[in-house]
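S.K.: With chain A fixed as given, assemble chains B, C and D onto it according to the hints.
Protein chains: 4
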Amino acid sequence: MTDKIKVGIVGGTGYTGVELLRLLALHPSVEIVAITSRSEAGMPVAQMFPNLRGYLDLAFSQPDSAVLAQCDLVFFATPNGTAMKLVPELLEKGTRIVDLAADFRLRDEQEWQHWYGESHACPELLDQAVYGLPEVNRAQLKTANLVANPGCYPTAVQLGFLPLLEAGLVDSEHLIADTKSGVSGAGRGANVGTLLSETSESMKAYGVAGHRHWPEIRQGLSLASESKIGLTFVPHLTPMIRGIHATLYAPLKSGKKDLQNLYESRYKNEPFVDVMPAGSHPETRSVKGANHCRLAVHVPASGNTVVVLSVIDNLVKGAAGQAVQNMNIMFGFEEDAGLKIIGLVP
Amino acid sequence: MTDKIKVGIVGGTGYTGVELLRLLALHPSVEIVAITSRSEAGMPVAQMFPNLRGYLDLAFSQPDSAVLAQCDLVFFATPNGTAMKLVPELLEKGTRIVDLAADFRLRDEQEWQHWYGESHACPELLDQAVYGLPEVNRAQLKTANLVANPGCYPTAVQLGFLPLLEAGLVDSEHLIADTKSGVSGAGRGANVGTLLSETSESMKAYGVAGHRHWPEIRQGLSLASESKIGLTFVPHLTPMIRGIHATLYAPLKSGKKDLQNLYESRYKNEPFVDVMPAGSHPETRSVKGANHCRLAVHVPASGNTVVVLSVIDNLVKGAAGQAVQNMNIMFGFEEDAGLKIIGLVP
Amino acid sequence: MTDKIKVGIVGGTGYTGVELLRLLALHPSVEIVAITSRSEAGMPVAQMFPNLRGYLDLAFSQPDSAVLAQCDLVFFATPNGTAMKLVPELLEKGTRIVDLAADFRLRDEQEWQHWYGESHACPELLDQAVYGLPEVNRAQLKTANLVANPGCYPTAVQLGFLPLLEAGLVDSEHLIADTKSGVSGAGRGANVGTLLSETSESMKAYGVAGHRHWPEIRQGLSLASESKIGLTFVPHLTPMIRGIHATLYAPLKSGKKDLQNLYESRYKNEPFVDVMPAGSHPETRSVKGANHCRLAVHVPASGNTVVVLSVIDNLVKGAAGQAVQNMNIMFGFEEDAGLKIIGLVP
Amino acid sequence: MTDKIKVGIVGGTGYTGVELLRLLALHPSVEIVAITSRSEAGMPVAQMFPNLRGYLDLAFSQPDSAVLAQCDLVFFATPNGTAMKLVPELLEKGTRIVDLAADFRLRDEQEWQHWYGESHACPELLDQAVYGLPEVNRAQLKTANLVANPGCYPTAVQLGFLPLLEAGLVDSEHLIADTKSGVSGAGRGANVGTLLSETSESMKAYGVAGHRHWPEIRQGLSLASESKIGLTFVPHLTPMIRGIHATLYAPLKSGKKDLQNLYESRYKNEPFVDVMPAGSHPETRSVKGANHCRLAVHVPASGNTVVVLSVIDNLVKGAAGQAVQNMNIMFGFEEDAGLKIIGLVP
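Residue numbers (my numbering), protein chains in the order written: chain A, 10 to 355; chain B, 10 to 355; chain C, 10 to 355; chain D, 10 to 355.
Treat each hint with caution, since some may be false.
Identical chains share a label here; the pair holds if one copy fits it or two copies do between them.
To be verified - Here are the simulated BS3-like pairs of lysine-lysine, each with C-alpha atoms no more than 30 Å apart in a straight line:
#1 94 to 15
#2 102 to 151
#3 266 to 237
#4 262 to 277
#5 15 to 349
Keep in mind the hints are simulated off the structure, nothing from the lab.
Chain A with its partners taken away, still in its complex shape (with noise of 0.2 Å):
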C-alpha cells in the first residue's frame, strides 16, 4: 500500500502509548515511523510491552524534531505541558497532531493556567484546535492540523448529556456526574497510590473539592446548552484495569419525554455511541479494548430525574481509541478503520 501514513509517538511507555501501539501496528493506511521516550529510547518496544512481540518491530528513541516532522501525523501521549512546547514547530513544518494530553482541551488560557499550574507555551493556539469528540466537532476534524484529544471521563460524561442538553429538556444547572473510573486511567507511573494492594478490593472518591476533568467537560456542556452549566463531578477509583461508568444525573424540565427515541435519533449515524434498548444496563466489560461508548437513559419512578448510564473503556474511546478514530477523520480512512474490535467478554 502506497499510501500509507507516516506516524510517530511522542512518549509510548504509559497507557495510552502503548494502546497506540496495539491500535496503529494493525492499522491498515498508517506505518508507525518513531516512538519516543527519553527514558527508554534504544530499547526495543516489544521488549516493554512483550504483547507486542512479533507485530512491532521498533526500539523507543529521543525525541528528535526533524524526525517527527517527517511524519504526516504525531500523536502526543505525554503527561501534560509537554506537547504544547513542541507543537508549533511541528505545525509550522506540516505535521498534523493529535494531543491526547490536556494542552489544548481548555479554549481560555486563563482557566488552563488556573487548572493545570503553569503558563500556556502557545496560548495562540487554543483557538486552532479542534476539540476532538468526533460526535461533535467531525466537520472540523476533517481539516484539522491540531486536535485535542478529549479526557476520558469527559468524553463518557459529555456523551450522556449531550442529548438532554442539545434538547434544552433538563435543568443544567443541577447536573450531577457521578464517575468510576479503572486504575489505568492513573496511568503507569510509580504510584503508592495505583499499586494493586492499595486500590484493589476497595472503592473510593477522589478530587470532590476539584478535578482538571470538571472545566473540561463544563465548556462541552456549555457549547451544546444555552444555558448555564452547574456541574457537581464526583470520580471514584475503581478496582478493576480497564473502563468509565458514568452515571449521570439531571432534575427534567417537565415530565417524561420519549428519551429513548432522543438518544437513538442523536446517535443513529454515529459508528461509536450505541444507545442501549430501554431499561438496559451497560456493562463496561461490553467495551473493554474497543472503541464503543454504550448508553442507557433511565427515567426511574419518582419522575423528576433522568438517569444515564454511560461506559467507554477509558484507554480506548477515552484515549488511544478516539485517537485514532480522530486520525481517521483528518486523513480521510474509513472512520472505523483499524477499530473493528469487540469487546473482550469474559
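M.R.: Same frame as chain A, now just chains B, C and D:
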C-alpha cells in the same frame, strides 16, 4: 462464664450466616447452640467454611422450633419471606429475634407486599418490630423483642443523609444516592450474574427502575425529616468482594454551613460511626471486616450541592456486624463486644 | 467475497461459544449461519452478549441437523458428551467438525469411558479424529474432517514439554506440571464455586487426585517421547478471568544443554508460539485475548532441573482461537486469518 | 494491667508495619510506645492508615535509640540491611528484638553477603539469632533476645516439607516448591511492577534464576534432614493482595506411607498449623488475616510423588502474625494472645 446467652442462627450457609459465625464464635458473651440449614443438615460448619476450623465445633441442623425456642436470641440469616413464618411462634415462647432479611423492615404492609411480591405472614408484628439502626433507635432496641436489621445500602445511605435531614439543611425532594456494592451483597447463590468471570473487571448499574432498598431508605429518611422525600437511588455492582461506597448528593437550601461540625456533633458518641476530617475520601477497605461506617462531607466549588461519602462493609455494618451490635444493645453487653475489629488493610 | 465458508456453532452460550463469536464475526472468510442453544432459542445473541452489538445480527436457534448439515464446518462448544451424538450424522453429510469439548481427544475408548463416566457414542471415530494441536499435527489437519480441539491445560503443557521430550533430554518419568488457570476455564455455569466472592482474593489447587486433562496430556507427551511418561499434574484456580500459566519441571538427563536454541528451533516457523529471550518470565496478560503461546526455558542454579514457563489465554489458544487456527488450516486460509490480535495490555 | 510490655516498631509505614499495628493495637499485653519512620515523622499513624482510627493514637517518630532502648521489645519492619545497624546497641541495653527482615535469617555470613549484596554489619550475632519458626524452635525462642522472623515463602514451604524430611521419606535432592504469592508480598514501595494495572488479571513467575528465600529454605530443610537438599524454587506473582499458596513436590522413596497420619502427628500440638482432612484443597482465603497455616498432603495416582499444599497469609503467619507469635513465646504470654482471628471469608 455462666452468663453467656444462648444463640441460634437460622440459615447459616450464606454470606451473612458465615459472617455472623465469624463474629459470634469469638464473642465473649455468646454460646452458639444451633445453626440450621435444610440443605446441609449434618455437615460440620467448618467443613463448608474451613476458616472456622478450630473455632466452631458445630454441625448444621434441621430447623427445629423447639431447639430454637430454647435460645435467648435467634438470628435469621435467611432469604426474604422465611423469618416471618417462624417468628411469631418464637416470640411467643420468649425468644428474641434479629432478622437480617427484609421481613420486618417496612412498616407499611401494602408497601412490603408490593416490593416483596407476596402477602406478609404476620403484618401485626410490623409495628412492633424495631428498625435496628442503633444510631437512630438505640433506646428502643434495648427492650426490643423483634429487631429488623437494616439492609446494607440503607445503612450506608441513611447514616450519610441523616444529619442533613434532621437539621433541615437540604432540599429533601431532590436527593440522589449513587451506591456501589461489592459482589458479596448479591449473596452466595449459584447465579451466572455473580460469577467472577461476569463481574470482575467490570462495573455496571442495576435496578435503576426500582430496588427494594429504595422504600426502606425513603421510610428512614422520612422519619428523620419534616419534609417530603424525593430520592433517586442507583446501585452499582463493583468488582470487589466486600464494601459499599455510597456517594450522596443533596441541594443545599442556602449557602454553606459548617457541615463538618454538624456531622461530628451528630455522631460524636457513636462507637461505629467515624466522621473523617474535612477533605477526606474514605476507602471501603478501611472498614473491610470491621463494623465501622466512615463518613466525609464535602461542598464542592459550585457550592449548591452537598456531597457525602459513606463507606461500610456490607457484610458487617451492613449485615452481621450491625446484628451483633443490636444484640449487644438488646442484652446490655458492651456495644462493641465482639466487634473490636480493625479493617483489614491492605 | 464469494468464497466464504458457512459455519455453524452448536452451544453458543458458554465462554468458548462467545469467544468463537468474537473471533468469527470479524473473520474475513467466514459466514456464521447458525448458533444453537436449546435454552435460549429465539434470543438475539447480542442481547445475551452486548459486546457483539453491531457485529453479529443473529439469534440463537434450536439445534437442527438439517441446518447444520448445510454448513461447511460446525464447531461444537458444548459440554462433554454432546458432540459425539451428533457428529456421525454430520460427517456423513459432508460437514467437517471441530469439537472444542473432550469427546474425541482420547484415542483409547476405555480410557475415555473411565475419565468421562459414560460409554462413548461413536468409538469408531476416535481413530479418525485428528488432535488439533497444529504444532504437532498440521499436516493431518489440512485434510481432517473431524478435529478434536485440545483442552486448555493440555495446550499449554504440551507446547512447553514437547521440545524436551522430542529431543530426549529429560527423565520423562518424573515430569511435573504445576498449572494455574483463570476462572473462566470453569465455564459459564451457575456454580457457587466460581462466584467472584468465592474465587477472588484466593488461590487453591483442585483435582490433585485426578483431572481429565491428565490422560490427554500424557497421551500427547507419550506420542512425542520414546520413553514412558510419568506426570504429576496439579491445576490451580487463580483469581483472574483469563489466562493459563503452566510451570513445568523435568529432571535433566545430563548437564546443561543449549535449551534456548532447542526451543527457538523447534518453534521458529510457528506463527503462534513465541519463545522469549533467555531469562524471561512471560505474563499471561501478554496473551490476553490473543492466540499466542509464550514460552521461556530456564535451568536454575542447582542445574539438575529444567523449568519451562508457558502461558496462553485459556479461551483463545486454549479453546476458540486454536479452533479457528485449525479451521484456517483445514480450509487453506492464512493460518492467522482472524487471529491477528495483540494481547490486551494493560 | 500493670504487666503490659513496652513495644517499639522501627519502620511502620510498610505492609508488615501496618499489619503489626493491626495485631498489636488489640493485644492484651502490649503497649505500643513508638513507631518510627524517617520520612513520615510527625504524621499520626491513623492518618496514613485510616483503618486504625480509634484504635491507635500515636504519630510516627524519628528513630531514636534512647526511646527504643526503653522498650522491652523492638520489632524491625524495615528493609533488609537496616536492623543489623541498630540491633547491637539495643541488645546491649537489654531490649529484645524481632527482626521481620532478613538480616539474621542466614547463619552463614558469606551466604548472607552473597544474596544481600553487602557486608553484614554484625556477623557475630548470626549464631546467636534464633530463627523464629515456632514449630521448630519454640524452646529456644522462650529465652531468645534476637529473633529472625522467617520470610513468607520459607514459612509456607518449610512447614509443608518438614514432616517428610524429618521422617526421611523423600528424595531430598529433588524437591520442588512452586509458590504463588499475593502482591502485598512485594511491599508498599512505589514500583511500576506492582501497580494494579500491571498485576491484576495476570500471572507470572519471577526470580527463577535465583531468589533470596531459596538459601533460607534450604538452610531450614537441611537442618531437618540428614540428607543433602536439592531444591528448585519458583515463586509466582498472583493477582490478589494477600496469601501464599505453596505447592510442594517430592519423590517418595518407596511406596505409599500413611502421610496423613504423619502430618497430623507432627502438628497436633501446634496452635497455628492445621492439617486438613485427606483429600482437601486449602484455599488461601481461609487464612486471610489469620495466623494459621493450612496443609493438605496428597499422593496422586502415579504414586511416586508426594504433593503438599500449604497456605498462609503472607502478612500474618508469613510476617507480622508470626512475629507476634514469637513475642508471645518470648514473654510467656498465651501463644495465641492477640492472634485469635478467623480468616475473612468471603
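S.K.: Run every hint past the structure and note whether it holds.
M.R.: Status of the hints after comparison with the structure:
In this assembly of identical chains, residue 94 and residue 15 lie within 30 Å of each other by CA distance solely inside one copy; the values are 22 Å within and 55 Å between copies. For a Cα distance limit of 30 Å, the shortest separation of residue 102 from residue 151 inside one copy, 19 Å, qualifies, whereas the shortest one across copies, 54 Å, does not. Taking CA atoms no more than 30 Å apart as the test, residue 266 paired with residue 237 passes in both settings, with 22 Å inside one copy and 25 Å between copies. Taking CA atoms no more than 30 Å apart as the test, residue 262 paired with residue 277 passes inside one copy only; the shortest distance there is 25 Å, against 40 Å between copies.
Taking the shortest alpha-carbon separations for residue 15 and residue 349, both the intra-copy value of 21 Å and the inter-copy value of 22 Å come in at or below 30 Å.
Violated hints for the displayed structure: none, as all numbered hints are satisfied.
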